[in-house]
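Fit chain F to the given chain X structure using the hints.
In order, the protein sequences belong to chains X and F.
Be aware that the first sequence starts at 1, since it is given in my numbering, and climbs by one per residue.
Be aware that the second sequence starts at 1, since it is given in my numbering, and climbs by one per residue.
If you're looking for bench data, these hints aren't it; they were derived computationally from the structure.
This structure is a prediction, so every number in the text was calculated from the model and none was measured.
Honestly, I wouldn't trust all of these hints.
Same chains, same names: a pair is fine if it fits in one copy or spans any two.
[What the hints assert, rightly or not] Listed below are the simulated DMTMM-like cross-link pairs for lysine to aspartate or glutamate, each with C-alpha atoms no more than 25 angstroms apart in a straight line:
| # | residue 1 | residue 2 |
| --- | --- | --- |
| 1 | Lys309 | Glu184 |
| 2 | Lys241 | Asp269 |
| 3 | Lys65 | Asp181 |
| 4 | Lys62 | Glu185 |
| 5 | Lys35 | Asp25 |
| 6 | Lys178 | Glu61 |
| 7 | Lys309 | Asp26 |
| 8 | Lys318 | Glu188 |
| 9 | Lys262 | Glu230 |
| 10 | Lys65 | Glu184 |
| 11 | Lys241 | Glu230 |
| 12 | Lys306 | Glu317 |
| 13 | Lys178 | Asp139 |
| 14 | Lys325 | Glu163 |
| 15 | Lys318 | Asp88 |
| 16 | Lys306 | Asp111 |
| 17 | Lys241 | Glu39 |
| 18 | Lys62 | Asp181 |
| 19 | Lys65 | Glu175 |
| 20 | Lys62 | Glu184 |
| 21 | Lys325 | Glu114 |
| 22 | Lys62 | Glu188 |
| 23 | Lys178 | Asp5 |
| 24 | Lys251 | Asp269 |
There are 2 protein chains.
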Amino acid sequence: MMGGDLGMDATVPGLSLYIQNHDCDDITFELFGNKSIIERHVGLPRCVIHDTGENVISASEKPAKALKIGRKTSMFEAISCVAQGNADAVVSSGNTGAYMALSKILIGAIDGIERPAIVSILPNVLNSTVMLDLGANTDCSPAKLLQFAIMGKAVSQVLQRIENPRIGLLNIGTERTKGTDLLEEAYELLERAQGLNFIGFVEGTDITNGTADVIVTDGFTGNVSLKTMEGTIRYIAHTLKTGFSSSLMSKVGYLCCRNAIKTLKNAIDPRNHNGAPLVGLKKISIKSHGNSDAVGFANAISVAVKLAKSGFVENIEKMISEIEKGNSDENKNN
Amino acid sequence: MMGGDLGMDATVPGLSLYIQNHDCDDITFELFGNKSIIERHVGLPRCVIHDTGENVISASEKPAKALKIGRKTSMFEAISCVAQGNADAVVSSGNTGAYMALSKILIGAIDGIERPAIVSILPNVLNSTVMLDLGANTDCSPAKLLQFAIMGKAVSQVLQRIENPRIGLLNIGTERTKGTDLLEEAYELLERAQGLNFIGFVEGTDITNGTADVIVTDGFTGNVSLKTMEGTIRYIAHTLKTGFSSSLMSKVGYLCCRNAIKTLKNAIDPRNHNGAPLVGLKKISIKSHGNSDAVGFANAISVAVKLAKSGFVENIEKMISEIEKGNSDENKNN
Numbered sequence: 001m002m003g004g005d006l007g008m009d010a011t012v013p014g015l016s017l018y019i020q021n022h023d024c025d026d027i028t029f030e031l032f033g034n035k036s037i038i039e040r041h042v043g044l045p046r047c048v049i050h051d052t053g054e055n056v057i058s059a060s061e062k063p064a065k066a067l068k069i070g071r072k073t074s075m076f077e078a079i080s081c082v083a084q085g086n087a088d089a090v091v092s093s094g095n096t097g098a099y100m101a102l103s104k105i106l107i108g109a110i111d112g113i114e115r116p117a118i119v120s121i122l123p124n125v126l127n128s129t130v131m132l133d134l135g136a137n138t139d140c141s142p143a144k145l146l147q148f149a150i151m152g153k154a155v156s157q158v159l160q161r162i163e164n165p166r167i168g169l170l171n172i173g174t175e176r177t178k179g180t181d182l183l184e185e186a187y188e189l190l191e192r193a194q195g196l197n198f199i200g201f202v203e204g205t206d207i208t209n210g211t212a213d214v215i216v217t218d219g220f221t222g223n224v225s226l227k228t229m230e231g232t233i234r235y236i237a238h239t240l241k242t243g244f245s246s247s248l249m250s251k252v253g254y255l256c257c258r259n260a261i262k263t264l265k266n267a268i269d270p271r272n273h274n275g276a277p278l279v280g281l282k283k284i285s286i287k288s289h290g291n292s293d294a295v296g297f298a299n300a301i302s303v304a305v306k307l308a309k310s311g312f313v314e315n316i317e318k319m320i321s322e323i324e325k326g327n328s329d330e331n332k333n334n
Numbered sequence: 001m002m003g004g005d006l007g008m009d010a011t012v013p014g015l016s017l018y019i020q021n022h023d024c025d026d027i028t029f030e031l032f033g034n035k036s037i038i039e040r041h042v043g044l045p046r047c048v049i050h051d052t053g054e055n056v057i058s059a060s061e062k063p064a065k066a067l068k069i070g071r072k073t074s075m076f077e078a079i080s081c082v083a084q085g086n087a088d089a090v091v092s093s094g095n096t097g098a099y100m101a102l103s104k105i106l107i108g109a110i111d112g113i114e115r116p117a118i119v120s121i122l123p124n125v126l127n128s129t130v131m132l133d134l135g136a137n138t139d140c141s142p143a144k145l146l147q148f149a150i151m152g153k154a155v156s157q158v159l160q161r162i163e164n165p166r167i168g169l170l171n172i173g174t175e176r177t178k179g180t181d182l183l184e185e186a187y188e189l190l191e192r193a194q195g196l197n198f199i200g201f202v203e204g205t206d207i208t209n210g211t212a213d214v215i216v217t218d219g220f221t222g223n224v225s226l227k228t229m230e231g232t233i234r235y236i237a238h239t240l241k242t243g244f245s246s247s248l249m250s251k252v253g254y255l256c257c258r259n260a261i262k263t264l265k266n267a268i269d270p271r272n273h274n275g276a277p278l279v280g281l282k283k284i285s286i287k288s289h290g291n292s293d294a295v296g297f298a299n300a301i302s303v304a305v306k307l308a309k310s311g312f313v314e315n316i317e318k319m320i321s322e323i324e325k326g327n328s329d330e331n332k333n334n
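Looking at chain X on its own, in the form it has when it is part of the complex (with noise of 0.2 angstroms):
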């Protein structure tokens, strides 16, 4: 409850708005951080409020550091909750590294995946393309790529709720020749993996056009292919505006127009995307973004939710072993 700019200014009325707005009636929720606080603000049903005082990871510490004075700290204690199985799902706006390094380490990584990665939902022309990783592995292996993939399936299903998600990998273009020998082998494995409906490479206008369901990517060009996303739709807003205040008859103009606007609004609002998961973990881990609101916090909620009642990690663990029994198979018969 503590984390995130603006702390349990966010964090309470956003619980408060997800209880409002969902059938809470088969969930309880644990609370970490400052009890008298906490309590002040939040009369509601099914909380159960855990004491961490003021002991807070804060926004510029260093994952290493953190991890050495993270015990009793807010972030700490919940993730230890879910690990210790006392809980199915953690969410938290506090600092990325931190939470990183804490739920890898306390709930730890599904058997045969090598790290986890930081999966988002962005909206397209269709619908909304599911893409990772977007931070926590900036060198990726092939094998990686195969790992982001399957999580990245197992994402689409629940989320999008599509069966047999078109899974992309992201190139410098769409043909089998582009881009480096890494990205060709990742081809390779993503082709010969079974169960997998890959559609081959795609490109940067591929993740808002549709084209795929799922997009992969190693962590590095995804974060920066997510910021490149946000700077754009924050520059067209800030043009819009300046448009819309040049003359009477602009202002005019938007006041007819502006539920068009407010349909764009929603569209891109990162609030309403909000909620990013940390795949390949043994239990259900939820970033949500350091500046969100009570909106966005709400959101983060309600993906923790979907995802711990889906069979998410059990749907990953086996795919996972079907495809490594594929691979063994395949190698017998050659």
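This is chain F only, laid out in the frame that chain X set:
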């Protein structure tokens, strides 16, 4: 004159448009293509037509093959004309891979430049951002990234008229500790280089927010980032269009604020940013987008003219030799 999706339907009216809107008293245009067709449309003064008939390098030709069959094609002859000193700059909307390869082989790289880069001028909330490389170099050494910074500065001086542009290195965070070892090394090189106004690491959001005048990155990341931007713009245009036509009220509103929309359209219209210099060559070579129309092609010509009149190549040569001198002086002193 033969290149691009529209071929002469874009290049011929594009050239006419440029000549109409600019003072061309000191320019001669050497046109390479099918003389009988060009003649029919171009009754322009200051134009010399070189007949290359229907010999063209098709859009799908691999660069290696294009090099073999290149001679006598319009692209080969146009680049040769510049390489032999009979023209100062070349512009083409043709096959990018072939154009890059032929430019490099026929014109040659500046001494001390490993490989030329593709530059784009992108809009930002304040003005514009020079970004490179956008696809020519998928793997980049720190030394190459330093060369890109120098070349980016030279482009900024001519096209943005900024004497000492702020140069940023694209990464997944602004903190010094973020990113790969390669970027860490490049950071040190750029920081040490004399005459560069290096502002440190920048992120994807910084491309459009005006933090830097020049952004340096490898060709893989640059290409994905540029195409993500293109895709995001198309996505927003699509969403706005859907919204505006959703009700009579919205349609009326659209009419009232169409000037505001037009301002946005102009700002993000790729035709207004068309004309990507291939920098690091001994002469000016401009790549016009394959799908550009007359307006886009005219813009590419204007980039070529500005660079050709500026002493652009000499400026890069001077900066490269100064930095090399600075490095060798530093080595002597150590």
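Cross-check of the supplied hints:
1. Lys309 - Glu184: Close neither inside one copy (37 angstroms) nor across copies (42 angstroms); limit 25 angstroms.
2. Lys241 - Asp269: both (16 angstroms within a copy, 18 angstroms between copies)
3. Lys65 - Asp181: between (37 angstroms within a copy, 21 angstroms between copies)
4. Lys62 - Glu185: between (34 angstroms within a copy, 21 angstroms between copies)
5. Lys35 - Asp25: within (23 angstroms within a copy, 79 angstroms between copies)
6. Lys178 - Glu61: Only across copies: Lys178 and Glu61 sit 13 angstroms apart there, 40 angstroms inside one copy, limit 25 angstroms.
7. Lys309 - Asp26: within (10 angstroms within a copy, 73 angstroms between copies)
8. Lys318 - Glu188: within (22 angstroms within a copy, 46 angstroms between copies)
9. Lys262 - Glu230: both (18 angstroms within a copy, 22 angstroms between copies)
10. Lys65 - Glu184: Intra 38 angstroms, inter 21 angstroms, cutoff 25 angstroms: inter-copy only.
11. Lys241 - Glu230: Intra 17 angstroms, inter 20 angstroms, cutoff 25 angstroms: intra and inter.
12. Lys306 - Glu317: Classified as within: same-chain Cα gap 18 angstroms, cross-chain 59 angstroms, threshold 25 angstroms.
13. Lys178 - Asp139: Answer is both; intra-copy 19 angstroms and inter-copy 13 angstroms each pass.
14. Lys325 - Glu163: So Lys325 and Glu163 pass the 25 angstroms test inside one copy only (21 angstroms; across, 61 angstroms).
15. Lys318 - Asp88: within (19 angstroms within a copy, 63 angstroms between copies)
16. Lys306 - Asp111: Cα proximity of Lys306 and Asp111: one copy only (23 angstroms, versus 59 angstroms across).
17. Lys241 - Glu39: neither (41 angstroms within a copy, 47 angstroms between copies)
18. Lys62 - Asp181: between (34 angstroms within a copy, 18 angstroms between copies)
19. Lys65 - Glu175: between (45 angstroms within a copy, 16 angstroms between copies)
20. Lys62 - Glu184: between (35 angstroms within a copy, 17 angstroms between copies)
21. Lys325 - Glu114: within (17 angstroms within a copy, 46 angstroms between copies)
22. Lys62 - Glu188: between (37 angstroms within a copy, 22 angstroms between copies)
23. Lys178 - Asp5: Between copies only: 21 angstroms across chains, 41 angstroms inside a chain, cut-off 25 angstroms.
24. Lys251 - Asp269: both (22 angstroms within a copy, 23 angstroms between copies)
When held up to the earlier numbered hints, the structure conflicts with 1, 17 and fits the remainder.
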